[in-house]
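Chain by chain, the residues run as shown.
There are 2 protein chains.
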Amino acid sequence: MNGLLLHETGPRLEKVRQTIIKMQADACIITTPVNHYWLCGFIFDGLLLLYPEGEPLLFVKRPAGIADERVKAIRKPEQIPDLLRQAGLPLPGRLLIEADQLTFSAATRLQAALGMPETGNISGELRKLRAIKSPYELEQIRESARIHAEVYALIPTLYRKGMTDLELQIEIERQMRLHGSAGIFRSFGENMDIFMGSLLAGDNAQTASPFDYALGGAGITPLLPLGANGTQLTPGSTVMVDMAGNYRPWMDDMTRTYAIEYAPADALKAHQVSIDIHEAIIKSFRPGIPCSELYLQAEEIVKENGLTTCFMGTVQQARFIGHGVGLEINEPPVLTPRSKEILEPGMAFALEPKFVLPGIGAAGIENTYIVHEEGLEKVTLFEEALMCL
Amino acid sequence: MNGLLLHETGPRLEKVRQTIIKMQADACIITTPVNHYWLCGFIFDGLLLLYPEGEPLLFVKRPAGIADERVKAIRKPEQIPDLLRQAGLPLPGRLLIEADQLTFSAATRLQAALGMPETGNISGELRKLRAIKSPYELEQIRESARIHAEVYALIPTLYRKGMTDLELQIEIERQMRLHGSAGIFRSFGENMDIFMGSLLAGDNAQTASPFDYALGGAGITPLLPLGANGTQLTPGSTVMVDMAGNYRPWMDDMTRTYAIEYAPADALKAHQVSIDIHEAIIKSFRPGIPCSELYLQAEEIVKENGLTTCFMGTVQQARFIGHGVGLEINEPPVLTPRSKEILEPGMAFALEPKFVLPGIGAAGIENTYIVHEEGLEKVTLFEEALMCL
Numbered sequence: 001m002n003g004l005l006l007h008e009t010g011p012r013l014e015k016v017r018q019t020i021i022k023m024q025a026d027a028c029i030i031t032t033p034v035n036h037y038w039l040c041g042f043i044f045d046g047l048l049l050l051y052p053e054g055e056p057l058l059f060v061k062r063p064a065g066i067a068d069e070r071v072k073a074i075r076k077p078e079q080i081p082d083l084l085r086q087a088g089l090p091l092p093g094r095l096l097i098e099a100d101q102l103t104f105s106a107a108t109r110l111q112a113a114l115g116m117p118e119t120g121n122i123s124g125e126l127r128k129l130r131a132i133k134s135p136y137e138l139e140q141i142r143e144s145a146r147i148h149a150e151v152y153a154l155i156p157t158l159y160r161k162g163m164t165d166l167e168l169q170i171e172i173e174r175q176m177r178l179h180g181s182a183g184i185f186r187s188f189g190e191n192m193d194i195f196m197g198s199l200l201a202g203d204n205a206q207t208a209s210p211f212d213y214a215l216g217g218a219g220i221t222p223l224l225p226l227g228a229n230g231t232q233l234t235p236g237s238t239v240m241v242d243m244a245g246n247y248r249p250w251m252d253d254m255t256r257t258y259a260i261e262y263a264p265a266d267a268l269k270a271h272q273v274s275i276d277i278h279e280a281i282i283k284s285f286r287p288g289i290p291c292s293e294l295y296l297q298a299e300e301i302v303k304e305n306g307l308t309t310c311f312m313g314t315v316q317q318a319r320f321i322g323h324g325v326g327l328e329i330n331e332p333p334v335l336t337p338r339s340k341e342i343l344e345p346g347m348a349f350a351l352e353p354k355f356v357l358p359g360i361g362a363a364g365i366e367n368t369y370i371v372h373e374e375g376l377e378k379v380t381l382f383e384e385a386l387m388c389l
Numbered sequence: 390m391n392g393l394l395l396h397e398t399g400p401r402l403e404k405v406r407q408t409i410i411k412m413q414a415d416a417c418i419i420t421t422p423v424n425h426y427w428l429c430g431f432i433f434d435g436l437l438l439l440y441p442e443g444e445p446l447l448f449v450k451r452p453a454g455i456a457d458e459r460v461k462a463i464r465k466p467e468q469i470p471d472l473l474r475q476a477g478l479p480l481p482g483r484l485l486i487e488a489d490q491l492t493f494s495a496a497t498r499l500q501a502a503l504g505m506p507e508t509g510n511i512s513g514e515l516r517k518l519r520a521i522k523s524p525y526e527l528e529q530i531r532e533s534a535r536i537h538a539e540v541y542a543l544i545p546t547l548y549r550k551g552m553t554d555l556e557l558q559i560e561i562e563r564q565m566r567l568h569g570s571a572g573i574f575r576s577f578g579e580n581m582d583i584f585m586g587s588l589l590a591g592d593n594a595q596t597a598s599p600f601d602y603a604l605g606g607a608g609i610t611p612l613l614p615l616g617a618n619g620t621q622l623t624p625g626s627t628v629m630v631d632m633a634g635n636y637r638p639w640m641d642d643m644t645r646t647y648a649i650e651y652a653p654a655d656a657l658k659a660h661q662v663s664i665d666i667h668e669a670i671i672k673s674f675r676p677g678i679p680c681s682e683l684y685l686q687a688e689e690i691v692k693e694n695g696l697t698t699c700f701m702g703t704v705q706q707a708r709f710i711g712h713g714v715g716l717e718i719n720e721p722p723v724l725t726p727r728s729k730e731i732l733e734p735g736m737a738f739a740l741e742p743k744f745v746l747p748g749i750g751a752a753g754i755e756n757t758y759i760v761h762e763e764g765l766e767k768v769t770l771f772e773e774a775l776m777c778l
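These protein sequence lines map, in sequence, to chains A and B. Heads up: the first sequence is residues 1 to 389, going by the working numbering. Heads up: the second sequence is residues 390 to 778, going by the working numbering.
Next up, chain A with everything else stripped away, as it sits in the complex:
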């Protein structure tokens, strides 16, 4: 392992050890790729076992040949008790697992393999730990945001008259990949299927979707009812571009809105209210503020402007205006009306107050911010006005 990697994974492992102690458990087992990567710097098919003291044990099925002295090759979890005995380590009596991600089958098999320990759920605690980023992680988000802005700067050159939403999205996807996008877009939890992001044109922005994103869209297949659906881009309608910022393992999030040929007054107004919300929140922000206050502050501005019925959708309205970003696109905290989560220094979050105007389309912007003692750092540096294509 290189020095930077150890410098990053060492403190992360220590935080997890402290969590095991806090949760009064004997050990935890990590099984998700995202947390394998966070704690080791690489991904494997297998289990990471961590006690409150000492280095983690990596029980690895695949790939063969990882150069790490902590690795023990296994074919199945049933081999673990013998390997622990050989290493002089105890079988945990109370074990934390990633219960929000591990399947019921895998969890019950693991319990049986380890002699039926009592289990607790460490998923939420790991997500809370990951919500506070290191300087290295924050710099990755800044780098991703810089490349994200470079790609969006190409949008006017990608647009051609007569295009559909999907045709424009495909050209953006290509530029994303040429700029280093990983392609795959990591989210947490169920009902979060998505391809490379969301691009919504005209009234498709009103379509309710089963997924837990800010806005919906019909999509092009019943297996993924989300986003662009082949809507023709027509003069006076808007296109909201919310494509992935996955140019680094730690991601940013960014939305910009474009009008085709000209912007209707309603779109300009709603778009300006979105920008006003960003500015009001930046101005009044102090670390330690609960997420709910930001939501309520936004909601107040929306009310004053008479835009309540088109805020965060029409047919279906999302009840959040932002979310943490990182290795997954939906990390804590979430900016909901009742969230008790606190915005702390080291957190990175996306703010996305959006409007959907019947007959026109969506309007508004999304920026990524980093929380500092002194206030918010805007990471998304790019023209915010409604731009015409």
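One thing to keep in mind: the hints can contain errors.
SDA-like cross-link-like pairs, simulated, lysine to any residue; straight-line CA separation at most 20 Å [stated by the list, open to error]: (1) B:LYS461 x A:ALA208; (2) A:LYS128 x A:THR336; (3) B:LYS465 x A:GLN316; (4) B:LYS767 x B:GLN686; (5) B:LYS450 x A:ASP193; (6) A:LYS61 x B:PHE577; (7) A:LYS128 x A:GLN316; (8) B:LYS692 x B:THR725; (9) B:LYS450 x A:PHE188; (10) B:LYS450 x A:THR336; (11) B:LYS465 x A:PHE188; (12) B:LYS450 x A:LYS128.
Calculated from the model, a selection of chain B residues having no Cβ within reach of chain A, i.e. all distances over 12 Å [as the list claims (entries may be wrong)]: (13) GLU442; (14) GLU458; (15) ILE469; (16) LEU480; (17) LEU499; (18) LEU543; (19) GLY569; (20) SER570; (21) LEU615; (22) PRO624; (23) SER673; (24) VAL723; (25) GLU766; (26) LEU770; (27) MET776.
Since the hints were made in silico from the structure, they are not lab data. Even for Gly, the Cβ is constructed at its ideal location relative to N, Cα and C.
Take the given structure of chain A and dock chain B to it, following the hints.
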């Protein structure tokens, strides 16, 4: 619902009802998007409850406004017992769940909400039911394969001298999307992360990956160590293209190999052995054959040709040569040396005997086949020889 949809979902629901009876359960609850789609024709955030008799109940959190009289809106699973009481339906005492996909947290919450029924796992049985396709589903696979071939036919026009594997892949991805690819690539189970497919050039084809695909590759990010890694395409090396066939909800699978400028003799030989394996299997195939026989037949041909050490990888060798295809890319059956699964009429599977030649790259082809009483129907109709770019 349209007639076609009812014509398809009706028999599928009936097969699941029979499975509930066979498994001596009172009901089953379906929670995955893929099986919601299979049984209803659309995707929702919620639960489908099916008893051995009667129409399913759809408890839907999102989206609002589904036009289906079987839908009951809910906010959380804890509301279900009351809704069942109102409908005069019993709480199931023995309940089947999709335990291979539902998370431990979601499953235990559901158990608690429903008064702690005894649970069984219906995941495997549903996958077995889905493995036998209807004529409509098989036609979707044929259609997908036709478009898949159209996209591969463009590869010579997409290649430019001096390209990297990734640059070529990005141009193929764009053509896939322009031809209707859904983008997202559905697979079953853990350790199956993938973006739009796999393209392997030169020695990157040797790189072991944590994922359960036929071959590996280093990828471009530690979060997705699979596939293209920026390898320069150089004369005398090969490029194996195994991009997704997701042009319809029911997918096909297809691999073709290209040599840059000229094909080394070793690549031509190994590639021909792959084609020979396809032809031998087509020739001797009869429905009712166990999957293991196909594997052993292929292995024998590989041995005769002295290619054992480079069959299905070098550093890490996959122990399967094919798999069912459908709504997910890895459906049953799997063609392994010890598989007792039987190839039955109505099944569709991909056959992918591949070789990895050090210093050159991967060679071989993958076709999709449909099993009929009379033998195999080749669905992938496209030049099979090693082609030069």
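For each hint, the structure was consulted:
A distance of roughly 17 Å separates the Cα atoms of LYS461 (chain B) and ALA208 (chain A); the hinted pair therefore holds under the 20 Å criterion. Taken as a hint, the LYS128 (chain A) and THR336 (chain A) pair is honoured in the structure, with Cα atoms around 17 Å apart against an allowance of 20 Å. The suggested pairing of LYS465 (chain B) with GLN316 (chain A) holds, with an alpha-carbon distance near 17 Å, which does not exceed 20 Å. With a C-alpha separation of about 19 Å, the suggested pair LYS767 (chain B) and GLN686 (chain B) falls inside the 20 Å cut-off, and the hint holds.
Taking the CA atoms of LYS450 (chain B) and ASP193 (chain A), the gap is near 16 Å; set against the 20 Å cutoff, the hint holds. Taking the CA atoms of LYS61 (chain A) and PHE577 (chain B), the gap is about 18 Å. The hint holds against a cut of 20 Å. As the CA atoms of LYS128 (chain A) and GLN316 (chain A) are separated by approximately 29 Å, the hinted pair breaks the 20 Å bound. Straight-line distance between C-alpha atoms of LYS692 (chain B) and THR725 (chain B) comes to about 16 Å, which keeps the hinted pair within the 20 Å bound.
Proximity of LYS450 (chain B) to PHE188 (chain A) is assessed by CA-CA distance (about 18 Å); at most 20 Å being required, the pair is judged to hold. Taking the CA atoms of LYS450 (chain B) and THR336 (chain A), the gap is near 18 Å; set against the 20 Å cutoff, the hint holds. Proximity of LYS465 (chain B) to PHE188 (chain A) is assessed by CA-CA distance (about 19 Å); at most 20 Å being required, the pair is judged to hold. The straight-line distance between the Cα atoms of LYS450 (chain B) and LYS128 (chain A) is roughly 26 Å, outside the 20 Å bound, and the hint therefore fails.
The Cβ of GLU442 (chain B) sits about 26 Å from the closest Cβ of chain A, beyond the 12 Å cut-off, so the non-interface label holds. Its beta-carbon lying about 18 Å from the closest one in chain A, GLU458 (chain B) satisfies the requirement of being farther than 12 Å from that chain. Against the 12 Å criterion, ILE469 (chain B) stays outside the reach of chain A, whose nearest CB is about 17 Å from its own CB. The beta carbon of LEU480 (chain B) sits about 19 Å from the closest Cβ of chain A, which is more than 12 Å, so the claim that it is off the interface holds.
Residue-level check failed: LEU499 (chain B) sits 9 Å from the nearest beta carbon of chain A, not beyond 12 Å. Residue-level check passed: LEU543 (chain B) sits 14 Å from the nearest beta carbon of chain A, beyond 12 Å. For GLY569 (chain B), the requirement that its beta carbon stay farther than 12 Å from each beta carbon of chain A is not met, with the minimum near 7 Å. With a least beta-carbon separation of about 9 Å from chain A, SER570 (chain B) fails to lie farther than 12 Å from that chain, contradicting its non-interface assignment.
A Cβ of chain A approaches the Cβ of LEU615 (chain B) within 12 Å, the least distance being about 9 Å, so the stated non-interface status is violated. The Cβ of PRO624 (chain B) sits about 24 Å from the closest Cβ of chain A, beyond the 12 Å cut-off, so the non-interface label holds. At roughly 32 Å from the closest C-beta of chain A, the C-beta of SER673 (chain B) stays outside 12 Å, upholding its exclusion from the interface. With a minimum CB-CB distance of about 16 Å to chain A, VAL723 (chain B) clears the 12 Å threshold, and the non-interface call stands.
With 12 Å as the threshold on Cβ separation, the claim that GLU766 (chain B) sits away from chain A holds: the shortest Cβ distance comes to roughly 25 Å. The Cβ of LEU770 (chain B) sits about 24 Å from the closest Cβ of chain A, beyond the 12 Å cut-off, so the non-interface label holds. For MET776 (chain B), the non-interface assignment is confirmed: its Cβ lies about 24 Å from the closest Cβ of chain A, beyond the 12 Å cut-off.
Hint violations for this structure: numbers 7, 12, 17, 19, 20 and 21, all remaining hints satisfied.
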